[in-house]
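Undergrad: Hey, can you work out the whole structure from these sequences and the hints?
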Amino acid sequence: MTSQHKFLTSKSVSVVGVPFNGGQPRTGVEEGPIRLVEFGLLEQFREMGYETEYELNENIADLRPAEDPDTLNLKQPKYVSAVTRVVSQQILKRAQEGKFVLTLGGDHSVALATVSGVFGAYPDACLVWVDAHADINTPASTDSGNIHGCPLSFLTGIADQHPDFDWVQPLLKTNRLVYIGLRDVDEAEKKIIRDAGIKAFSMHHVDKFGIGQVVEMALNHVNPNRDLPIHLSFDVDALDPSVAPSTGTPVRGGLTFREGHYICEAIAETGLLVAADIMEVNPALEDTDSVFQTVQVGCSLARCCLGEALL
Numbered sequence: 001m002t003s004q005h006k007f008l009t010s011k012s013v014s015v016v017g018v019p020f021n022g023g024q025p026r027t028g029v030e031e032g033p034i035r036l037v038e039f040g041l042l043e044q045f046r047e048m049g050y051e052t053e054y055e056l057n058e059n060i061a062d063l064r065p066a067e068d069p070d071t072l073n074l075k076q077p078k079y080v081s082a083v084t085r086v087v088s089q090q091i092l093k094r095a096q097e098g099k100f101v102l103t104l105g106g107d108h109s110v111a112l113a114t115v116s117g118v119f120g121a122y123p124d125a126c127l128v129w130v131d132a133h134a135d136i137n138t139p140a141s142t143d144s145g146n147i148h149g150c151p152l153s154f155l156t157g158i159a160d161q162h163p164d165f166d167w168v169q170p171l172l173k174t175n176r177l178v179y180i181g182l183r184d185v186d187e188a189e190k191k192i193i194r195d196a197g198i199k200a201f202s203m204h205h206v207d208k209f210g211i212g213q214v215v216e217m218a219l220n221h222v223n224p225n226r227d228l229p230i231h232l233s234f235d236v237d238a239l240d241p242s243v244a245p246s247t248g249t250p251v252r253g254g255l256t257f258r259e260g261h262y263i264c265e266a267i268a269e270t271g272l273l274v275a276a277d278i279m280e281v282n283p284a285l286e287d288t289d290s291v292f293q294t295v296q297v298g299c300s301l302a303r304c305c306l307g308e309a310l311l
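Numbering (this note's numbering), first residue to last: 1 to 311.
Just so you know, these hints were derived from the structure itself, not from any lab. Incorrect hints may have been included.
Unchecked claim - Simulated restraints, written as ranges between beta carbons of each label pair:
#: 1; residue 1: R258; residue 2: D195; range: 33 to 43 Å
#: 2; residue 1: D227; residue 2: S10; range: 15 to 25 Å
#: 3; residue 1: N175; residue 2: A140; range: 18 to 28 Å
#: 4; residue 1: N225; residue 2: E55; range: 10 to 20 Å
#: 5; residue 1: V86; residue 2: D160; range: 34 to 44 Å
#: 6; residue 1: P123; residue 2: K190; range: 25 to 35 Å
#: 7; residue 1: D195; residue 2: G49; range: 23 to 33 Å
#: 8; residue 1: R194; residue 2: S10; range: 40 to 50 Å
Nothing here was measured: the structure is a model prediction, and the numbers come from that model. Glycine included, each C-beta is placed from N, C-alpha and C at the ideal position.
TA: Structure (structure tokens):
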């Protein structure tokens, strides 16, 4: 992969585990990273010829403040801010070293860290966001106050100023963001997406055009000359619950197993992918078979991001 890769300087992958659940109310999602690693993900990468390093971040809960009142409609803002700020520096350092950065979540508020770190190293990058949800609510528009539904509003500068997130720089231009797989979008988010002119492909578009054409159109929008670094952030709830049942906010009618893997394979084939996130695997939900199935899918998606192909 790296011999044809336009940005990575070595065949090294830095795996950053972020065992964090503070962006939403369910426990269990903090167990996602370790379960993916226990399933053999690092060994799988080594078998693919990658030098692999792993940062577990097992002491991340130590960053939880003694008091963390709701502030400007957001829940646990100090905890989310403290964790994502620390992790963003980790990711920035690894990206600057020319390594592929794979972040294992954790809930999707962790994207505050991943996008900040990756775009700090690659200011011209583009972001492909694969998710059932748009995650672009502002503090003013969110009904739940859960920050895992808000990271993109801060990263694009659409959110109002918030005292706990003044460190987050609006590094992500809206024309460098594209969605694939949306199917559960709040009315306020629909307006934000329309008003900002953000390119979004819902499951309707996947049904209409097919996943191959959707990925091509998505890349044509954010990376028309195929010369910019790509960051892929993949929430496993983009997949249909029959494929990845152990996740916190499942929505029927999602991507099939093959559609999800095709996205990762096709983007890896560009030689431009510099970072990927696998988010919202929650081993505390559903039965043992469902957890095994979801963890297995998370690992195979990650391998596809690093160039695994069917032939």
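Undergrad: Give a verdict on every hint.
TA: Now for the hints, and whether the structure bears them out:
1. In this structure the hint that R258 and D195 lie 33 to 43 Å apart at CB holds, the actual value being about 34 Å.
2. For the hinted restraint 15 to 25 Å between D227 and S10, the CB-CB distance of approximately 21 Å keeps it satisfied.
3. Between N175 and A140 the CB atoms are about 23 Å apart, so this pair conforms to the stated range of 18 to 28 Å.
4. Take N225 and E55: their Cβ atoms lie about 34 Å apart, and the range 10 to 20 Å is violated.
5. Between V86 and D160, the C-beta spacing of about 24 Å breaks the proposed range 34 to 44 Å.
6. One distance hint, 25 to 35 Å for the beta-carbon pair P123 and K190, holds here, with the actual separation near 29 Å.
7. Between D195 and G49 the beta carbon distance is about 45 Å. The supplied range of 23 to 33 Å is therefore violated.
8. Judged by the Cβ atoms, the range 40 to 50 Å given for R194 and S10 holds: they are separated by roughly 42 Å.
Checked against the numbered hints given earlier, the structure breaks hints 4, 5 and 7 and satisfies all the rest.
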